[in-house]
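Read off the chains here:
There are 2 protein chains.
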Amino acid sequence: MKKYERLAQDIETMIAAGTLRAGDRLPSVRESVASRGVSPSTVFEAYYLLESRGAVEARPRAGYFVAQRITPRGQEPLLTQPTSGLREVAVNDLVLGVLGSVRQRDVIPLGSAFPNPALFPLDRLARGMGAAMRKLQAQEVLENLSPGNQELRRQIALRYVSTGTLASAEEIVVTSGAMEALNLCLQAVTRPGDVVAIEAPAFYGCLQALERLQLKAVEVATHPRHGVQVEALAAVLQQHDVKACWFMPTFQNPMGASMAQEQKKAMVELLTRQRVPLIEDDVYSELYFGMRRPLPAKSFDREGWVLHCSSFSKSLAPGYRIGWAAAGRFAAQVERLKLSSTLSVAVPSQVAVLHFLQHGAFDKHLRGLRGTLAAQQQKAVRLVAKHLPSGTRVTQPEGGYFLWLELPEDVDALQLHRLALSQNISLAPGHIFSADQRFRHHVRLNYGHPSPEQLEPALRTIGRLAARIRSADR
Amino acid sequence: MKKYERLAQDIETMIAAGTLRAGDRLPSVRESVASRGVSPSTVFEAYYLLESRGAVEARPRAGYFVAQRITPRGQEPLLTQPTSGLREVAVNDLVLGVLGSVRQRDVIPLGSAFPNPALFPLDRLARGMGAAMRKLQAQEVLENLSPGNQELRRQIALRYVSTGTLASAEEIVVTSGAMEALNLCLQAVTRPGDVVAIEAPAFYGCLQALERLQLKAVEVATHPRHGVQVEALAAVLQQHDVKACWFMPTFQNPMGASMAQEQKKAMVELLTRQRVPLIEDDVYSELYFGMRRPLPAKSFDREGWVLHCSSFSKSLAPGYRIGWAAAGRFAAQVERLKLSSTLSVAVPSQVAVLHFLQHGAFDKHLRGLRGTLAAQQQKAVRLVAKHLPSGTRVTQPEGGYFLWLELPEDVDALQLHRLALSQNISLAPGHIFSADQRFRHHVRLNYGHPSPEQLEPALRTIGRLAARIRSADR
Chain A
0 MKKYERLAQD
10 IETMIAAGTL
20 RAGDRLPSVR
30 ESVASRGVSP
40 STVFEAYYLL
50 ESRGAVEARP
60 RAGYFVAQRI
70 TPRGQEPLLT
80 QPTSGLREVA
90 VNDLVLGVLG
100 SVRQRDVIPL
110 GSAFPNPALF
120 PLDRLARGMG
130 AAMRKLQAQE
140 VLENLSPGNQ
150 ELRRQIALRY
160 VSTGTLASAE
170 EIVVTSGAME
180 ALNLCLQAVT
190 RPGDVVAIEA
200 PAFYGCLQAL
210 ERLQLKAVEV
220 ATHPRHGVQV
230 EALAAVLQQH
240 DVKACWFMPT
250 FQNPMGASMA
260 QEQKKAMVEL
270 LTRQRVPLIE
280 DDVYSELYFG
290 MRRPLPAKSF
300 DREGWVLHCS
310 SFSKSLAPGY
320 RIGWAAAGRF
330 AAQVERLKLS
340 STLSVAVPSQ
350 VAVLHFLQHG
360 AFDKHLRGLR
370 GTLAAQQQKA
380 VRLVAKHLPS
390 GTRVTQPEGG
400 YFLWLELPED
410 VDALQLHRLA
420 LSQNISLAPG
430 HIFSADQRFR
440 HHVRLNYGHP
450 SPEQLEPALR
460 TIGRLAARIR
470 SADR
Chain B
0 MKKYERLAQD
10 IETMIAAGTL
20 RAGDRLPSVR
30 ESVASRGVSP
40 STVFEAYYLL
50 ESRGAVEARP
60 RAGYFVAQRI
70 TPRGQEPLLT
80 QPTSGLREVA
90 VNDLVLGVLG
100 SVRQRDVIPL
110 GSAFPNPALF
120 PLDRLARGMG
130 AAMRKLQAQE
140 VLENLSPGNQ
150 ELRRQIALRY
160 VSTGTLASAE
170 EIVVTSGAME
180 ALNLCLQAVT
190 RPGDVVAIEA
200 PAFYGCLQAL
210 ERLQLKAVEV
220 ATHPRHGVQV
230 EALAAVLQQH
240 DVKACWFMPT
250 FQNPMGASMA
260 QEQKKAMVEL
270 LTRQRVPLIE
280 DDVYSELYFG
290 MRRPLPAKSF
300 DREGWVLHCS
310 SFSKSLAPGY
320 RIGWAAAGRF
330 AAQVERLKLS
340 STLSVAVPSQ
350 VAVLHFLQHG
360 AFDKHLRGLR
370 GTLAAQQQKA
380 VRLVAKHLPS
390 GTRVTQPEGG
400 YFLWLELPED
410 VDALQLHRLA
420 LSQNISLAPG
430 HIFSADQRFR
440 HHVRLNYGHP
450 SPEQLEPALR
460 TIGRLAARIR
470 SADR
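Residue numbers (numbering that gives the first Met the number 0), protein chains in the order written: chain A, 0 to 473; chain B, 0 to 473.
Treat the hints as calculated values from the structure; they're not laboratory data.
Any given hint could be a false lead.
Claimed, not checked - The following label-pair restraints were derived from C-beta to C-beta distances: (1) B:K385 x A:D122: 53 to 61 angstroms; (2) B:A331 x A:R133: 36 to 44 angstroms; (3) A:G163 x B:A117: 38 to 46 angstroms.
Stated by the list, open to error - Which residues of chain B face chain A? A few of them, derived with a C-beta cut under 10 angstroms, are: (4) M132; (5) L336; (6) T341; (7) L454.
Note that the Cβ used here is the ideal one computed from N, Cα and C, for glycine as well.
All chains, full assembly: derive it from the sequences and hints.
What follows is the structure in structure tokens.
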């Protein structure tokens, strides 16, 4: 741990213990330099880190103060109660209907699944790609086909090393985004009619994949902050012949929940004992606001039962469609499915991402991106508290770019979505996040997309529309 | 038709009618200018066109002469007799084993499915892509996601217009190569257990797709020059509950067969009457050696039963993975499957191909490519006749880059493939082109790949190995 990280952590500990309270002034830089024996820049970096995570706030000419936690824990959404029993999945119509509206240019895309592309080094990627492609020998075009560019696979494997995860370059299949990786993994470990355990609420892409492959879903209770409940999972495994799990243990979509390390470990041990593959959808973990990257469940996998899927779409290169699967003992099957379905990933995209990883200061870009998203989250949470009806509960994830809102029960989210769309604002209604469409007064809100100036008027409008729905209801 | 095309056609007619015979000298340029009232360059262009198609040959300081047809029709492979009845498909192991060897750099890739990437304007594509990507606004990255860049879809639709085919930009879904298009189309019109009619022999990618989706195959008799026999198809439709056909009516892989226009029309009418979708794999039709592009079966489709799939992988941009489906009445289903499986195609690749279509003189590139491939075919056919055992039959397709060889019955193609590989030459053995692996003394030979200097020694070696197999056999 670096010095500034240690300092930041110490201050966080004091906040957590109540030693420092909301509104308290932090020691000045001069004081900290004296008391800790560190350089001024170390103190600045520590305070900046704390600010980016919303723990403190700067007041001009006054210094740094402990921030008001916007959401006392009591106001976060409740633990979900899963629907018991198996479900056929048929959400595709609804999902596509809702998402079709998101891409129009004049719509403020609070319902989008994508972060704002302006947050990414697109110009630098394009320049690097052009240069690298012109250097490529013709023969190399074929050598970049499935399972993917050898050096890119090695670079991806290197990023696993820092999390203590066993994943060799040979295990990695480059795919068309994480979406293809997840779909190939799911197909590799199931047959039509099989049962798959999912979160509640779950990412709609997971529901769509189950529907396409004619699989049945069984839900596992999922905490809005702590994610999948391992005990609940154990009970589900006893009750049903589960052939696979599809979970997002880190910054879950839509809630932002993250399982604690020990819970991830316990989950992997449970699944390994029962020989149930875990498809780990891990596309947001680079967007953490805390001290370090949360470990993937894969890092606790010693026998290859975790199929880890991720991509660069949310961290570096949206639209380049570079994802991958590190599919453990199922790697060969995944590679074969890839060959016989889409054959290979576009060579220019592979070359562009590789070039950036080698020359582009990926980690520096990520630090900036995390800071921006953390600051936007603070702002969004504040605006939700200000403009949405009282009684609205909201998660406050430690990474990613989604908030999950639980509105008062009489606000139908689908109706809210339609009204908002008529005002050129999109929302992702809770309905699309479960097979039985039961998250009816819930909304996923993307704070990584709109420009800061758009956010307040948009949330004000949504608050007004929600109030209108409530009064019409009475 | 341009003047030089008219002149070339007239000469071809004279050759076909026997007025001009092999070895006859064509009129000199001066004579033709006088007799036809055209410019010298028109005559040169006509002779060059005829030469590129192997109809005539230039002899230094002597002029142009009618070429010897290498393969009298009697020496082409025989009409295939389909296996009757339904078949489970399980070829994947064999196919992947065989194809795994093709990509090594020191292997002369006569077994490859890809044309030589050096035949393509890769540098120009890369430069155009780099420039276009840097001009792209961040927001446009998202607008290029499924179903694809709007202007690219329009450009693709424009190319249909010239073949009299009804396909609007709205119908077109951009995919990761033709392979994904074909797979999505197949999934859109079938359920596991359904019966699909295929050619015999068939492209192994078709067999792999059937296997992956757990479909059953029924074969239709296929002529090595004329393709699917419509009467045989009618009989198969009567006998089996066929849910879809997957055919390559133009330059079929592996045989190179092309159905006549009337046969394509009759086939589409038959399938339309019986409401059976046709998945038309049409990736080679731009590589024609004749006067004009063969019409796709889709051009005879008035009710949307043809799902036409193609790509730029074989005509412009290998490794960019830009293909598409124009799926007629099934277009919406295909788009939905795309969204829930791989989401979207890489934006840089889309932008690169679009930029080339708009600025890159695609048709000029194609003319050069066709001429090169036609000349290489002539050479390859000659070398096959020279070096392979007598009794070897060979197709002489009017486009593409494959020859289909029927060796004497006692030459096992899998054994030949293994021996050749030990000499660093790859071959595609006939075994991988049918569910029952019965094309055992057949070989698909890619003449679009090796450098011309490699071709003769490679075929000499293969001839020697084939002879060795025959003598060991006795």
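With chain A as the partner, please determine if T341 of chain B meets the hint condition of a C-beta pair closer than 10 angstroms.
-> 4 angstroms, holds
Restraint satisfaction for L454 of chain B [CB to CB of chain A, less than 10 angstroms] | Hint violated; L454 of chain B Cβ to chain A Cβ min 17 angstroms, cut 10 angstroms.
Take the C-beta atom of K385 of chain B and the C-beta atom of D122 of chain A, compute their distance, and say whether it sits inside 53 to 61 angstroms.
-> 56 angstroms, holds
Hint validity - L336 of chain B Cβ closer than 10 angstroms to any chain A Cβ = 7 angstroms, holds
Does the Cβ pair A331 of chain B, R133 of chain A satisfy 36 to 44 angstroms?
-> This hint holds: roughly 39 angstroms between Cβ atoms.
Please verify that hint: M132 of chain B, Cβ, nearest Cβ of chain A, below 10 angstroms or not.
-> With Cβ-Cβ at 4 angstroms, under 10 angstroms, it holds.
A117 of chain B and G163 of chain A - C-beta distance against the hinted 38 to 46 angstroms | 44 angstroms, holds
Taken one by one, the earlier hints fail for this structure only at number 7.
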